[in-house]
Structures are given as C-alpha cells and as structure tokens.
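Go by the hints and put chain B onto chain A.
These are the residues of each chain, in order.
2 protein chains.
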Amino acid sequence: MTANDYYSQANHGPYLSYDLGNFTLEEGGMLRGCQLAYATHGELNSLKNNAILIPSWFAGTSKIFEQAYIGAGRALDPTQYFIICCNQLGNGLSSSPHNTPGASGRGAFPQVRIGDDVRAQHQFVTQHFGLTELALVVGGSMGAQQTYEWAVRYPAMVKRAAPIAGTAKNTDHDFIFAQTLMDAITSDPGYQQGFYASPEEVREGLRRHSRLWAVMGFSTEFYQQQVWRGLGFSSVEDLQLNFLDAYFLPLDPNSLLRQLWKWQRGDVSRQTGGDLKKALGRMTAKTFVMPIDEDLFFPPRDCRAEQKMIKGSQLRVLKSICGHLVVNGMEPAFLAQVDSHLRDLLALPVD
Amino acid sequence: MTANDYYSQANHGPYLSYDLGNFTLEEGGMLRGCQLAYATHGELNSLKNNAILIPSWFAGTSKIFEQAYIGAGRALDPTQYFIICCNQLGNGLSSSPHNTPGASGRGAFPQVRIGDDVRAQHQFVTQHFGLTELALVVGGSMGAQQTYEWAVRYPAMVKRAAPIAGTAKNTDHDFIFAQTLMDAITSDPGYQQGFYASPEEVREGLRRHSRLWAVMGFSTEFYQQQVWRGLGFSSVEDLQLNFLDAYFLPLDPNSLLRQLWKWQRGDVSRQTGGDLKKALGRMTAKTFVMPIDEDLFFPPRDCRAEQKMIKGSQLRVLKSICGHLVVNGMEPAFLAQVDSHLRDLLALPVD
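Protein sequence lines, in the order shown, are assigned to chains A and B. Going by our numbering, the residue at position 105 of the first sequence is 109; the numbering climbs one at a time, nothing skipped. Going by our numbering, the residue at position 294 of the second sequence is 298; the numbering climbs one at a time, nothing skipped.
Hints were generated in silico from the structure; no laboratory data involved. Careful: at least some of the hints might be erroneous.
You can't tell identical chains apart in this list, so a pair holds if it fits in one copy or across any two.
[Claimed, not checked] Straight-line C-alpha distance at most 35 Å; calculated DSBU-like pairs for lysine-lysine: (1) Lys323 to Lys312; (2) Lys67 to Lys52; (3) Lys282 to Lys312; (4) Lys312 to Lys173; (5) Lys282 to Lys315.
One chain only, chain A, in its complex shape (with noise of 0.2 Å):
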C-alpha cells in the first residue's frame, strides 16, 4: 500500500465500502476482502423499483457526478429516486493498487475489466438493498461501457439505460487512444513497473498524460474560440497547469492504468462470442443513447452505429463545443439538455 492524500472521504465524502468478499476477476485474479466505493442518495421506496445506479467514468470517483448531476428539482433528483453511485474498482476509492494490501498491491494488482465491475455492482445492490431492478441506469464515458454491460449483461432488471459519450464495445481508436495515455505514464523511468514509492516520482510521466488530454478531450473549436476564459483560464497554459495538471497529477499512476487497460477492452459482445449486434439484441431497457455532437473520440457516429441495434432505442446527441471532457459538468447548458433527456427517459413506461 501506498499513501494518497487525493482518495480521502475529505475530497470525495461521504462514501461508504460494501465488502465483496474474495472477488473473483474475469482475466484470473482474486481481489481478497474486495471493496466497493459508494455513495447514496435519496430513499429507496417500499416497492424497490425507484434505484437509479451510476458507475464512475475514468479517473472519476462517485463525487462528480454527485456534484454536477444530482439535485432537488433536477432529473436526478434524490427526493424522488433512490441513487447509487459506484465506484469502479480501481479507481482509488474501490478496491485498488495503492489500498490493496499484499502481494497483488502497487503494480502487481490485477487487471480489471468492465465486466467485473458491472458484476461486483450486480452482487453490490442486490445483496445489500435486496434490488431486483434498477429504474436507471445511467453513466458517461467508461460509465457509459459500464452501463451497456448492465444492460446485456442483466436486462431484466435495467428498466432503463442511458450510455452518455461512450460505447458498447470500445472502438480500436479508442484503444490506441488510450495506449498512449499509458506509455506517456510508463515511459516515466520514475514509474518502475508500478512500484515506484510515490505518484510524485511519476510525475512528469503523469503530466504528459494530461497533456495528451488538453489534446483529445477537449475540441478544436474549443480551443478556437477561447471557450477556457470562460471557465477561468488566463491562457491555454493555464488551462493545461491549472485544470488537467491540477486534476490528474494527484492521481495513482497504477490507477490510471488500470482503468485504461479496462477501457481499451470494454465489449458486451465477449458475452455472445463476438457478436455485437447479438449482445446488443439481448437489451430490453429503455435506451437513450447519448453522444456528445464534439467528442474527438467517442463520436456520435459511433454511437449510432451502436444505437441502430438497440431496439426502441433512441439518439439524443448531446450539443456542447467543450468536447468530451464537458462530461465533467463545466457548462451548464450541456447539463441542462443531459436533464432534459433524463426526464424524457425517466417518464417512459416500462414492464
């Protein structure tokens, strides 16, 4: 284990931890005393049938979407619905390298796939609250990935599913997206397969993977027309140091690269031998899917070459000139139109 002043309930309280048990990993590993990070909000009612569940995105933790999505009066609203944010293993408030004690800490924790989530959240919220369906499901990003997999995976129990700016099974762009957000991290001499004392020796390592993220998660009309002051950036260096630098060099490298080896290779069709359009068939929720019109990687072309296999499913593009990252809830009218499609998701009637 590894000290990390970031992963504290000050930063992203109040969470609690569900205990697993010894987990058991898709690709082999165990996860011994495995915890799962999370968060509730709202009352579950007598029926059981009011619990929206929302996995966390890459280097995301339950808080985010706390802060930007939820709220009294929004589509979110915890006064109606019973709300469950999960962390994804590995991403420093779950089980993950720099918490887990032993042999299988630090660089030797074990790779993690979108599966396995989505099965610890499955054994999560049914053990625990006793649910049998979930009215929503809704995540972005590696959320998005994560939703999908609730919803071939489980489709009696997801009533409804909404895949904000992400895929069903991850595109090879993507994954070479992602390959290089992990050599900027393990090209860093300071990394040493993991095991390096603290993320500060992977620092600049860190940072040219931030950079890589001024680059693709925002979008070019972003940049052109100075969206950054606005947000309160005096420059795009400022932007850079003071927004990305600021948000993932505190992070656990380990982190990070488990939850991009996780990315690279989310796919519902390893449920159907392959078959995507099989997998994607087995869906019976109520479907929105969500792009965002900007996104540099998960383009809305991609997403409705996806959605035209989901049934009664429908495409609501998400319009914001900040790109991918908007996700994060910097602008208020992309959060409005994200309400907005909620609600209309959230009034249709299901079985």
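Frame of chain A, contents of chain B only:
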C-alpha cells in the same frame, strides 16, 4: 554531424542543393553555408512564368510530392510547368541538425521559422532561376503554412496559392498537439538534449511520437471502417508498426523537433503586428483553400475562417475518410480531387 542513411540520394533523390551562404534566421541564429535541397521537374519557359513551387511538409521531403502529385497528365504536369520542390530547413535534406558541422549541429541546431524557409526559398528561386513570379505555390500541412507565408510576404510574385490541410496562423489546438509530439521524443532518456549518438538511442521516444500520429493522423472512421485493410495491413498494430513506425523511426529526432517547433509557430500575422486579417488581406494570389473534411487537427472550419479573410478565394474541401495523413497520397480518389481543384485554379487567369 551524425550519420543517418535515411537522408540519402537513394531514398529521396535525385535532389540538388543550393548554397544560400550565411543565412540569418528570425530567431537570431545563423546557418553558415546554408543548404537548400530541392528537386525540379520540367523546364522553365522563356517567359519564366510557368514555375510552380512546392514546399515540403512535416517529416516529408521533396520526394513524396514528386511520387504522389507530379506527372504528365496530372495537374502538376512537368510537360507544362517547371516544378520546384523545396525541402524545408531542418528536414534532413536541407541544412539540418544531423548534417550541420560544428557548434551549430545536432542538439544546438538553431530554431527555424516558416518565415525563414520562405525567405530562403525566395532567395533561391530569384537568384538561381531569376524568377519574378510563381504560377502557383502549393503545399500540404506545413507546406500550407509556407504557401500562406509566400502569398502574404511576396504577394506580387505569387499568382496562385493552394494551401492544403494547413493554416496561415497555427491554432492553439495544433500547438498543444505538436507539443505532445515533441514531449514524446524529448522524454526519452536517450535523447540527451539532442546529443544522442544515434537515433536508435531515441527509439522508444520516436515510437511514442509515431503512435500519437496513429491517433491524430487518421480519422475515427478510418479505423471504424478498417480502411487500413485496403492499404495492405493485417491489423491496427500492423498499421502502426509497418506504416507509422516504419516511416518515423528512421528519422532524426532533432530534425523532427525543429520542424515541430516551427509548425507550432507558423503565423503570417507576424508580418503585420499580429493582425491576421491585415496579413491575409495582403494576398493577391488566386487562392483555393483546401482542407480535408476528416482532418482531426486542421479541421475545415479552422481553414474556412481564414479563407473568408482572403479576397476572391474559394474553399475547396477535399473528401477523404483517411484524415490528415492522406496527404501522403495513399488514396487515389483524394489525389483525383486535388488534381481537379488544381486544374481549376491553374486555369484561372492572372494579372
């Protein structure tokens, strides 16, 4: 000086060199006995009004344009035109870090700007060929930067201009993309501030640089539709290895870095105190602005914004699923579009 077999007459010739003498650079450096490497095709007519100038793009040489764009029956027809392909300073054939003797070589090679290239080319074609006009300046990517620089700096001389997939003033997004390419190389411990004994010592940095091109150089749809199969590659990894790595790994890291620094700072408005509209207003060339529809880092809208500032110009968007790297000539349908537009442009009467 360091040996590099890549930059040879066998690979890029036949080419000649013009001695510019002691050439003072905008950044204050001086290249003593500065060599401008070039190749010509066709014959200069007696009126000296059939010359076409083609500056090279990033990591390219005069040879690529010759192979992909020049030929009898093509728009760039050496039976009609006297075509001069110039290698930008620092590209490995012209004066460059690896072939410059003395204290200014290798990691100490001075920074060069687009304006330096264009002044060097101007000196060459006026002194050596006695030219007073160019029927056309055409170039792709960094070649487009030089094309714009030519048309703004020497408006009376440039009768027609065709910047392909490039901008007159580099964008912030392009700047940070180019920076990630530079950081990929300089972060290699073998780089040693440019004083490596052989590019082989910077292999992993060059590979990371190459892999970033895989993300940004092609479009997402190029991968989605597996266009690479039609180019003779068996997988995305094979494409990365045997197209991009094969292309970039033999190159001199210092050469790439000098070109990237130059690319970042391409800006015709340096001639007008930062006033881009005023700079582009100087252009009198008949101009076709030719972005590529799927270009991830020189998107058509960035090019269109500049085109609107050029009086009498036309926007001719090139369609290619491949994205930016199609400029290398791998798609016949793309080359046919370029030829068609260049024929239209060359048919326009000039003063």
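Which numbered hints turn out to be false for this structure?
Result: no hint breaks.
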